[in-house]
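Trainee: Spelled out, the chains give:
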Amino acid sequence: MSSLLNSIDLQYVIGALVKIAIFWIFIMLVVAYTVYAERRVLAVIQNRLGPNRVGWQGLLQPFADLLKFIFKEDIIPLAVNKWLYILAPIIVLIPAMMVLIVYPFGPEVPLPFGDVISQTINDLTAKIGLNWNVDLRTINLYVTNMNVGLLYVFALTSLGIYGIVVGGWASNSKYSLLGGLRSSAQMISYELALSLSVVAVLIQAGTLDLTKIVAQQSGWFGMKWNIFQPPLFLPCIIAFTIYLISAIAETNRVPFDLPEAETELVAGFHTEYSSLKFALFFMAEYVNMMTVSVLATTLFLGGWNGPGVEQFPWLGVFWFLAKVFFFLFLYIWLRGTLPRFRYDQLMNFGWKVLLPAALFNIVLASVIGVLFL
Amino acid sequence: MEFAHILFLAFAALAVVAAFNVILQRNPIYSAIGLIVVLCSLATLFLTLNAQFISAMQIIVYAGAIMVLFVFVIMLLNVRSEEARTDKQKYLKFLAAPLFLALLAEVIAVVRYVNLTPQPLPSANNAGDPSTVLGTVENIAHGMFTNYVIPFEAASVLILMAIVGSMLLARREKPEEIARIEKALTRQQEEEISKEEVAA
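Note that the protein sequences, when read in sequence, are chains U and B.
For the first sequence, position 303 matches number 302 in my numbering, and the numbering has no gaps at all.
Numbers given in my numbering equal positions in the second sequence, counted from 1, plus 19.
Treat the hints as calculated values from the structure; they're not laboratory data.
Fair warning: there could be bad hints in the mix.
Computed from the model, here is a short list of chain B residues facing chain U with C-beta under 10 Å [to be verified]:
| hint | residue |
| --- | --- |
| 1 | Ala29 |
| 2 | Leu33 |
| 3 | Ala75 |
| 4 | Val87 |
| 5 | Leu88 |
| 6 | Phe91 |
Here are the in silico distance ranges between beta carbons for each label pair [as the list claims (entries may be wrong)]:
| hint | chain 1 | residue 1 | chain 2 | residue 2 | range |
| --- | --- | --- | --- | --- | --- |
| 7 | B | Ile200 | U | Leu77 | 50 to 56 Å |
| 8 | B | Leu122 | U | Phe371 | 30 to 36 Å |
| 9 | B | Val168 | U | Phe371 | 23 to 29 Å |
| 10 | B | Phe89 | U | Ala78 | 23 to 29 Å |
Bear in mind the structure is a predicted one, so any value in this text is a computation, not a measurement.
For glycine and all other residues, C-beta sits at the position ideal for the given N, C-alpha and C.
With the rest of the complex left out, here is chain U (with noise of 0.2 Å):
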C-alpha cells in the first residue's frame, strides 16, 4: 500500500484532480455569466434592459437563478420511464464536463509562490512519512496532453446524442420524442461536416495533440495562427467556416435550434423536465458551447498565442479567452439577428452543402500540403 501512496501516480491523479476541480469552477462561472451575457446582449439587441435587479446591473444573476433552480418543485410526470428520465440529464452534461481536461488555457507559466508552495506540501507529506517531491514552479495549463486530444473530444461530444434522445424517449410526450429526434438526426448530420473540415488543420499540424498544435502555431509576434500560416491558409479558412456553421448546428443554436423550436415544439426534448434536471439541460447546452469555442479557438486562431506572450505568459491565457468569448458572444450575435430554418433546409443545407465543401476541402489540403509542405 505504501508503494501506492507514494508512487508517481498517486502524484498525478492528485494534482490532475486538484487542476479539474479549479478548471471545473471557473468553466461553471464562465457558463453562469454566458447565460446573463446572453440575457443581457439580447436585451440590448431587442431595446429593453435584460435583467439588472440582483447585485450592480444585475451580475448575481445567475446565483439566483442556480438557487431558484435548486429550490423549484422537481416534478417527475407519473407516464415517464422514470430511471431514464432521471438518468438522461446526467449522460448529457458528464461527457460535456469531461471534454475539459484537454482544453490548453495557456502555455507553462509560472506559478506566483511556486516555490513556497511546493516545499509546503513536500513537507507536509513528508511528516506522514511519504517521500514526495512536487514541483510547482512553474504549471501546465491543461490537465494531460493526450495523443488523441482531438478524437477524444469529438468522441465525448458524440456521446451527448444520447442524453437528449433518451430525454426525449423517456419523456413519454410527443414534442419530446419529436425534439429528441430532431435533435439527435441534426448532430449526427452535422457531426460529419464539422469532424471532416478539422482534417485541414491537422495536415497543418501533424498532429491529434491540441497542446501540440496550439504550439505549433507560435511564431509571427504570436499571429502565426492557422488561418493565416502558410501554406495552408486557404483550406484553413474554408475548414473555420464550415467548423463555425456545423458547431452553431451541433450545438442546436439560432439559427439551427429546430430541436427547440418553441413554436411547434413547445421546448423540445426537455418540455416535461423542471427544476435541476432541466438546470443540467441548460448548463450542458453551455458547456457545449464553451466546448467548441474552444475548440474553434485552438484549432484555427491559435489557441493562447497573441501578441506579448513570449514576455508574459499569463497573458496567454487572457488571449485564449478573449477568443474564446468573442465566439459565445457570436453565439448571442446571430441568435438576436438571424431567423430559423426550416427542417428540410437544415438537412439539405448539411447533407448537400457543408457536407461536400467540407470532403472538397480536405482534397484541396491535401493537394496543398503533398505540394508545399
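Got chain U sorted already, so can you dock chain B onto it with the hints?
Mentor: The following block gives chain B in isolation, referenced to the frame of chain U:
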C-alpha cells in the same frame, strides 16, 4: 497494486454487468443502453492498455455512431418490449452451446499461447517520439499505411460496396418517373396498334 489495476477491475466488472444487462433485459432500449455502457467501459480498458487511438475510435465509431443509429431506430419504431418470437428460433439454441465452447476455446488459446509479457509503457510525462510509442495515432497510421496497406484498402473497398449495396436496396422509383415510363409504354403500344391498323 497500481492505479491501472484498480481501473481495470472496476471497468471490467462494469463491462460484465452491463453485458448481462444487454441479454437479460426485455426492453430493447435498456439493452441498447447496456451495450453502450459495455462499449464505453471497453474503451476505458483500452486506455489503461495505452491504446489511446483504439479507445477513441471505439467510442466514436461504436458508441457514437452505430449505437446512436440503433437507439434511433428502436425509438422511431417504438418497440415497447420484446415480442414473443422465441418459438421461431428454437433451433438456434442448439447452436449456442457449440459456439460458446468455440469462443471459450479461443480465449483459452489466446491466454495460453500469446506472449503476455507486458510491453514497457511510456509514462504520461515523457512520451518521446510518438511514432515509436505503442498505441499512438502516428504509430498506428505508420503500420496501416506501410505494412498493412493492402488489407486496409481491401477493407475500405468492402465498406464502399456495402454503402453502394444499401443505396441500391433503398432506392425507390419516384412516382412521376413511374408515370413517365407508363406513359411512354402506352404511347409505344398505341403507335404499334396504329401501325398495325395502317398495315391492315
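Trainee: Now look at each hint and say whether the structure bears it out.
Mentor: Results for each hint:
The beta carbon of Ala29 of chain B is not positioned within 10 Å of any beta carbon in chain U (closest approach about 14 Å), and the interface hint is therefore violated. The interface hint given for Leu33 of chain B is broken, as the beta carbon of that residue sits about 15 Å from the closest beta carbon of chain U, more than 10 Å. Interface restraint check: Ala75 of chain B against chain U, minimum CB-CB distance 4 Å, threshold 10 Å, status holds. Residue-level restraint check for Val87 of chain B holds (minimum Cβ-Cβ distance to chain U is 6 Å; threshold 10 Å).
Given hint, Leu88 of chain B at the interface with chain U, holds; its Cβ is 8 Å from that chain's nearest Cβ, closer than 10 Å. At about 6 Å, the closest approach between the beta carbon of Phe91 of chain B and any beta carbon in chain U falls short of 10 Å, and the interface hint on this residue holds. Separated by about 54 Å at the C-beta atoms, Ile200 of chain B and Leu77 of chain U satisfy the suggested range of 50 to 56 Å. Judged by the Cβ atoms, the range 30 to 36 Å given for Leu122 of chain B and Phe371 of chain U is violated: they are separated by roughly 52 Å.
With their beta carbons about 25 Å apart, Val168 of chain B and Phe371 of chain U fall inside the hinted range of 23 to 29 Å. Checking the proposed 23 to 29 Å range against Phe89 of chain B and Ala78 of chain U shows it holds: the Cβ atoms sit about 24 Å from each other.
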